[in-house]
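So the sequences go chain by chain: A and B.
Heads up, the first sequence stops at 472 in the working numbering, and the numbers go up one at a time, no gaps.
Heads up, the second sequence stops at 450 in the working numbering, and the numbers go up one at a time, no gaps.
Worth flagging that the hints you see were computed from the coordinates, not collected in a lab.
Check before you lean on any hint, since a few could be wrong.
Unchecked claim - Across the chosen pairs, the derived CB separations fall in these ranges:
| hint | chain 1 | residue 1 | chain 2 | residue 2 | range |
| --- | --- | --- | --- | --- | --- |
| 1 | A | E149 | B | I206 | 45 to 51 Å |
| 2 | B | A397 | A | E469 | 55 to 61 Å |
| 3 | A | I432 | B | I433 | 58 to 64 Å |
| 4 | A | P215 | B | V117 | 42 to 48 Å |
| 5 | A | T167 | B | L199 | 50 to 56 Å |
| 6 | A | A271 | B | S443 | 52 to 58 Å |
All C-beta atoms in this analysis are idealised placements derived from N, C-alpha and C, irrespective of residue type, glycine included.
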Amino acid sequence: MKFKFSLMAAACVAALAMSNSGVKAEDGVLTVGATLSTTGPAAALGIPEKNALTLVPTEIGGLKVKLIVLDDAGDPTQATTNAKRLINDDKVDVILGSSTTPPTIAVSAVAFDAKVPHFGLGPMPVTPGKERYTVIMPQPVPLMAAGIFDHMKKNGVKTVGMIGFSDSWGDLWLGQFKAAADKYGLKLVADERYARADTSVTGQVLKLVAAKPDAVLVAASGTGAALPQSTLRERGYKGPIYQTHGAVSQDFIRIAGKAAEGVIMASGPDMLPEGQPDSALTKAPGLALVQAYEPKFGPRNQFAGHPWDAFEVLKRVVPVALKKAKPGTPEFREAIADALVIEKDIAASQGVYNFTATDRYGVDERARIMLTVKDGKFELIK
Amino acid sequence: MDLTILLFLVQDGITNGAIYALLGFALVLVFAVTRIIFIPQGEFVAYGALTYAMLQGGHVPGTAYLLPIFAFVALLFDLYAERSRITGAFLLRQGIEKIVVPLALLFAAREMAGVSTVSSLILTVAIVAALGPHLYRIAFQPLADRSVLVLLIAAVGTHLALTGLGLVFFGAEGQKADALTDFSIDLGPLPVSGQNIAVYVATVLLIAGLYWFFERTVQGKALRATAVNRLGARLVGIRTKGTGKIALALAAGIGAVSGVLLAPMTTIYYDTGFVIGLKGFVAAIIAGLASYPLTAAAAIAVGLIESFSSFFASDYKEVIVFTLLIPVLLVRSFASKHTDEED
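Looking at chain B on its own, in the form it has when it is part of the complex (with noise of 0.2 Å):
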């Protein structure tokens, strides 16, 4: 092995390890505020990445469709739970929420497919991010309150529901994107493409808008407080249901943009999204599932292991990249006091 090859794998590594990081970033999120630990995170990637690919190619995505089915179903969620107390305000605000916003995205798709791949781009992230608010309120704040094992299996059972539902709005073949940019230069004897770049900002710049986020506005300050006493943050006036919802939003969200610049890398299946999302777990439990910087430096770990192991032995790359987490929960366990669960 010489020195070019250790810079390809090192950049293979940090690549593929800032992808992971924003997984790890939106898994952390979700867990903090709403309990669950949100194995489809990885079904938003994969329906980003081929939302935009589809977009890109001048073909309306089945997710535009999928939008306005969810946002209508979430709308008679609503409805039904608020039924002794239904007002004019409540409707129309319902009814902009659920039915003008959706179709607007879905009338937008169908007007604007293949035009550019900045309207492309900006359209996934806008279609994917809407998923998740719905997402949550059908599948997730029925059971809010209850049991985090309870939640876990409600978000197995909404992994493999969003699943299927990818295979038949997007078909068992796999999808690939063209490059956001063709721009690419030279580091000594390793060429750095655009689209690497645009890996490396759009992480960097994630961070940052999740750190002013969580830090500088009001929002960002109730999902903190919702993450550390529930209970307390409703003493407080805080609306706790709405802070499941914007989780589960920023989570779309950063799905959405982790899919976009897989998108152009490699071919994306409907089904690819559960591997990549487990790589970001592995990330975010090294993390314990509550620190941003650690999880990001546990990313990049995973990525360079990762990496490093395709050239030395590709036959055990998934092995070891999962073997990983063995050592890491020991000392984890050894490391902390236990606490029962609440129940």
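Next comes chain A alone, as it looks inside the complex (with noise of 0.2 Å):
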């Protein structure tokens, strides 16, 4: 027993020693760490940006790209671990996650205080102060929002009625309708909110068709966002369907079918590059992420996009750090840091990024399409 005992604290001591010196920074390597919630509630977004880190490039202003991807099931507490895991034990030089929004605050704010810089896959609020390490690849939501509302006010829309998740996305669409209602001079004639796993929506469409609005806004994701387009249309609704970005994908136009003709939705450009003329400047990464990415993974998506888009920026900053220092250093991430506000128009698949000290998403017009479906395609409305 004794020597057991023994033999076990022996075993500890060995594996504490091992975990503790860590590993040392490779010369001419650029590791690279992400957190993704490939698992869990969000795999939906999580497995495509684990798919899309596959086809990323290997080489980077001639050094070697070293990449480490790790899961935290869309728990915070999780990517937090996982976060600082990468920059304890692994010594990144630039962190990735996470897929949602409240993991990507947690990886936020391991990231800032080890000043170690990081892309957020998951739109997030960023705290003013603690903007300097922290770019956000997604788009913000009012940019969306606002292409839809301005959608609507060009068509005579006057009344709307809205079905969102009964979750935070739900509540963030409702906040941006409430503020922006005035401007575009619409009202919000009904609120109903729904849960991804409800087997029926019919309480709340007949509701909604009730009170007769001009159109309706789904605020849904995936193919969740389907459900009431479909039973919308079964329970005779004849107005406009407009959807939020969070529903463009070739999943909801396979289980909405016939409903899904017609229906309004902003979205990333990355999910038509084909429509878009040839001065976009996201044309030609969003090509080259599709083109890579559709005969591996199977249809595009747009969360594909974002740790690809990261790997664009990288492409443009890294260069630019490398005359200051050497990778693995804190001086490099610091020259990263500098280097993503000194770089103008990187072009990426979602958008052109021009991040300022404040301004940590740096996207505009560019990173929004309005999409329509045709005969179970996409296309682009002008």
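Make the complex out of the two chains shown on their own, each in a separate frame, by following the hints.
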């Protein structure tokens, strides 16, 4: 027994010693760590992001890229642990992730304390004064909402009924609507909620139809957005239906079927690079992404664009930072943080990034396209 | 609110309620026979719906591969448990049950994917129902004599494992199947679809089938005897080990049928089953995890309350449905005599 105990103690000490020694930064290697939600409720986002990371360049500015991908299951606590592990043990130069807002906020906090450049893949609010190390790849919701409200205004919509997820996504869009309603002359006549796992939205849709809105806005994501779309059409709603960029995916068309025809959606430009004019800066990176992604992993989606774009940004900032310092050093990480605001018009699949000291999204209208569905295919609304 | 809306809401409530009733039956059945509070019931629904949608779309579903794996693990368990008394007849029976049948189903799924709605339906129920007994063998049989709490913990673990496997085998995106039929009939202002009718018919048939099984067959009577008194049942020669497997096969089959019925009505994800299962659970709890007719009535009530609350206060729908449990549990705890857990 005593022997067994001392053996175990020895093993523990050995394990500790090994984990403490950590990894020494190798010369000529750019270490990129990512924590993604590849399991759990946000797996539909995390899996394509992980897929896209298999397609990114293996060399940037003469440096070999070493990629470490961890799973946080969408849990902020796990994301914090992962981020700490990547920074302390793997000594990453930049950190990516996570897939949705809560774990992204968690990673951002760790990255700020450790002074490691961080590319958020889920939209998140940046605390004033803590902007320096975090930039965010996805479009901010107000930008996408403006596209939808603008389209409503131009097409004479006065009253709107909303049906959204009973979660932060639904709340976020309701907030956007209330903030912008006066500016666009819109009035909310019904506000309904449902959950992704609901077997029916008949009750909510009946109430929406009874309120007779000029248009309906569905604030949901993924294939979950298809249920109100088809129920509205089944119950005879004839007006236009708007969907957020959370819903734009081939799966949405697959599930909604005929009911998807004529829907109006705000989307990131990487859903339809083919339809963009040659002058658009997002066209070439978008085409490169879908041509690499689709043969290997199936239909394109918006989430794969975010890690892809993080590497588009890295391609621009790493060479600049390399002039100042070597990878694996705090000076190099500072140099990347500096380069993020020095480099202008960084073209990527989801937008053209111009980060500033306070605007950490760095995108403008070029990061948004409006789509409709015709004959089961996405089409650009000009 | 006018009459048309009222009718729509009632129809919606009864349709969902019928599905919850099926789940409630399975929960009552499993609890009565094995004392397991069967959390993973919802996963059978999701597996059924996703298997059906994939077969219909001409793909081989992950469950078809999962079944031989589960069966093989169950086979290893059995071989180890019986290692001192293995006979030829035992090996033959085990071989057919745990190797030939699962592989035959896998072969059938590969050959018949996308052939017809009926073949997809039968295959789905066969594959998912066959998962039940193996799951019991692996996760619950070694713990069969432990307390309800231990079994509940095992059930939660099984639920988490099955959800994870669902993500691996079906992917993160949802699936929706085509309706069984395009048939639709107008009752006044209310269109009743063939799918709705299928749900009602299936529920009634399953109630009748369960009644017949428990009242008229030896197997069913053995299950009831085990439910009433496990030790007594063993004294009169009933193999109580076998009853657990039958109960889980039935539960998985009922889950698969519910899944097939749900698949054309809504998008099902690998993790949708849990919440749907919980609503069946609410119905089963209201009925004290004991009575089938009471479970059916409670399930319809849950469906109706859900449907009306989604019209009047969609924000609070889930809150309202699950809050129902509190007064019911209060009344039950005052009305019933307290007895302590067996240990």
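Each hint tested on the structure:
1. A/E149 <-> B/I206: 45 to 51 Å: 50 Å, holds
2. B/A397 <-> A/E469: 55 to 61 Å: 57 Å Cβ-Cβ, so the 55 to 61 Å window holds.
3. A/I432 <-> B/I433: 58 to 64 Å: 60 Å, holds
4. A/P215 <-> B/V117: 42 to 48 Å: 44 Å, holds
5. A/T167 <-> B/L199: 50 to 56 Å: With a Cβ separation near 52 Å, A/T167 and B/L199 satisfy 50 to 56 Å, so the hint holds.
6. A/A271 <-> B/S443: 52 to 58 Å: 54 Å, holds
Consistency with the previously given hints is maintained throughout, with no hint failing.
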